[in-house]
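Asker: Put together the whole structure using the sequences plus the hints.
There are 2 protein chains.
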Amino acid sequence: MQERTYIKEVPAHFGEKVKVQGLVRTIRDQKKMLFLVIEDITGAVQVAVHKPSAPEVAAELEHITVGSAVTIIGSAVHNTSVKLGEMEVQPDSVKVECLAQAPLPVDENSGPEARLDWHYLWLRHGKTQLIYKAQTVLEQAMREFWIDNGFIELHSPKIVPEASEGGAELFKIDYFEGNAYLAQSPQFYKQMAMSAGFDKVFEIGPAFRADPSSTRRHASEFTSLDMEISWIDSHEDVMYWEEKLLAHAIGKLKDAYGKEIKEQYGVDIVVPTVPFPRVTLKEAREMLAEIGHVIGHKADLDPEGERLLCKLIKDKHGHDFVFVTDYPAAVRAFYHMRYDDNKTTKSFDLLWKGQEVTTGAQREHRYEILKAQAVEKGVPLEGLHGYLDFFKYGAPPHGGCGIGLARTLVNLFELEKIADVTFAFRNRYRITP
Amino acid sequence: MQERTYIKEVPAHFGEKVKVQGLVRTIRDQKKMLFLVIEDITGAVQVAVHKPSAPEVAAELEHITVGSAVTIIGSAVHNTSVKLGEMEVQPDSVKVECLAQAPLPVDENSGPEARLDWHYLWLRHGKTQLIYKAQTVLEQAMREFWIDNGFIELHSPKIVPEASEGGAELFKIDYFEGNAYLAQSPQFYKQMAMSAGFDKVFEIGPAFRADPSSTRRHASEFTSLDMEISWIDSHEDVMYWEEKLLAHAIGKLKDAYGKEIKEQYGVDIVVPTVPFPRVTLKEAREMLAEIGHVIGHKADLDPEGERLLCKLIKDKHGHDFVFVTDYPAAVRAFYHMRYDDNKTTKSFDLLWKGQEVTTGAQREHRYEILKAQAVEKGVPLEGLHGYLDFFKYGAPPHGGCGIGLARTLVNLFELEKIADVTFAFRNRYRITP
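As you go down the protein sequences, you meet chains D and H in turn. Read in order, the letters of the first sequence are residues -14 to 418 in the working numbering. Read in order, the letters of the second sequence are residues -14 to 418 in the working numbering.
For the record, the hints were derived by calculation from the structure and aren't laboratory data. Everything hinted at is true.
Stretches of chain D that chain H covers, calculated by requiring three or more beta carbons in the stretch to come under 8 Å of a beta carbon on chain H:
(1) 0 to 11
(2) 137 to 144
(3) 378 to 390
Beta carbons are placed, not taken as given, at the ideal position from N, Cα and C, and that holds for glycine.
Answerer: The following block contains the structure:
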């Protein structure tokens, strides 16, 4: 039986018989000639049928439609007059494996909602598929980095009994005789792993937020890239691991697809140098005040402040990333470890090209202090006992952070919306397809 | 600042100062001597304090408890009288980073429910942590195999609008103004990726089943190892990829931890040869009937039949795995592709050491036939339109399978219960910790 040839390999078989398999992208039907463009995951190729001399092939293709799945066996020909890679397949035989209904319900002129309604059709072309190829490389490079450095892979539960993190924005599940919730983040369970002595862990998995806002940066389900590290001295150690992780993964991405991303999206993948620039939130406020953007002395940066700070850092250091550190306890979660002043946390955000992509911190691992901080912040203890118990019987000092996969991809490809880089986007108004 | 030395590296530093950090496993307090065993992710080491000559260290450790997190700086000594690796650390300074409450609520004598209630404490030792180290290697080896073979990594949605697969055993979510469900399996969305032209995909992620049965083999949340492949000729291609995947991953696991698994669990990791033995369900029934175990001519194998068949295969071929193929349409899902007889499906189960670990099939990718099969099986079309639409506008022939991670680990370690290999086990009666 003839082996399949992926389309990008066709030029290596000029003068030979090949079998190509893919979906029909375009059809040009002329009097004597029928031209198809067939696309597979590696590329597209023109198929040229001279109808008078190939009546069986022409008959099989008589009702062919765009989107149909076809198997073509024929001669691979080097044809310099073909724009598409100067290659052509002249079929001896064709099989229509699946005839598509016509016309397709989405095309280049469709609006954003139609593109999401028929997202799988929208994903059919090399340009959109490139995002998922890049995602594959990026995630695997992260895992390689983590595993090479002794991290253990975690699968934390997504069905949880109560509030993780803030407590708001949880989805409730009908769970047999009672209720359960969907995990907003793996954080509490990463911390459980620290108590279990796992030393360093990572997880790539889904997280869920019942966030009613419907913006280009929000989804109710998203993929979170998470790590947690024991025996750190401060949040500085977490930033050290995060910047090394990102530099490694972006480097691998550039090696694999930098050229294609430049061709298809016009974007240069820039491998960041380490260490990333760091400023305290206080310093950031001062830098912003100097250019006339004033932020209250207890407040976090606003989106415009994030954007402006990144611009200042880019101008000064030529760097796309900046860690903003030392947030006041007032604007951070109760579990962030504090300095001795009890007012400032050992925490950070990572900003990238104007937007926050990570929140991280050293966590408070001492049971009594953690409990006191929860009380002080008004977090009800009833829902918190399971979490607090993680630290009752000993836990190493630890910290960690999480990165949104979609936000990372949006920044790498310089796209607008996380829906553009999500295989099946979910928000308040969309749970299909 | 002194760099941390992981405990397994202590012998490389005999005669030097080291900093070891870990949790206290045992305490032996004598008149003049205090002995601790400290454990980190790499091993355990004895710490010996001669109280009269180290009063500050003795004072810091005066109230030390099992489970407490400690940082020890001291001399690494080769001491042949110490059973535990013939090594000892004699501390110059000690810091108790987190004092554990005493006593721990779980120990070697605790029952299975207490072990699950305090699972993170139960996981604190090298023997249990080995499972998660093995899991890390196993999954990464699978991903390497997939990526080396051109598979794209998928993150399919866990929030879904309606019944995937069977339709039963779904968890319902309160989703803003309406309802949604938790995905039972990524299957339908893997198929969506085939329609999107992704060619070959894999996913490692959570799946959710509202299965009310509470057995050692059932969980309401589990990690599923999934792949889907386009342009297959039959289910045989899926089996080809699955057996190569498993042989590769188990080989990597044996390389990394075969020796430790043998030492700790007494189990030999056997790398399976490929191809795995294959029998049709009809042949399996005949083999079983010969030894007196009769199964109805339309029925699937029962658990005892699975166990006996694996024994027959083991005796005949010396192999731990067997693919059972060609199930009647009557016992398979509507979307399994059928042979021309319209009665037998291009499907398989994979049995391993007596238990089913995979169901796989070529899927029916032709819209009209798929719809007719759903109608014939009495599956209501109302909930199915979104799924059927995946195939309306063309889809390549494809098939795939899924493997339960916990079932795989249970078989590799020859343990009884999937709860024993799950970081945070979930069933009808348990959503904590």
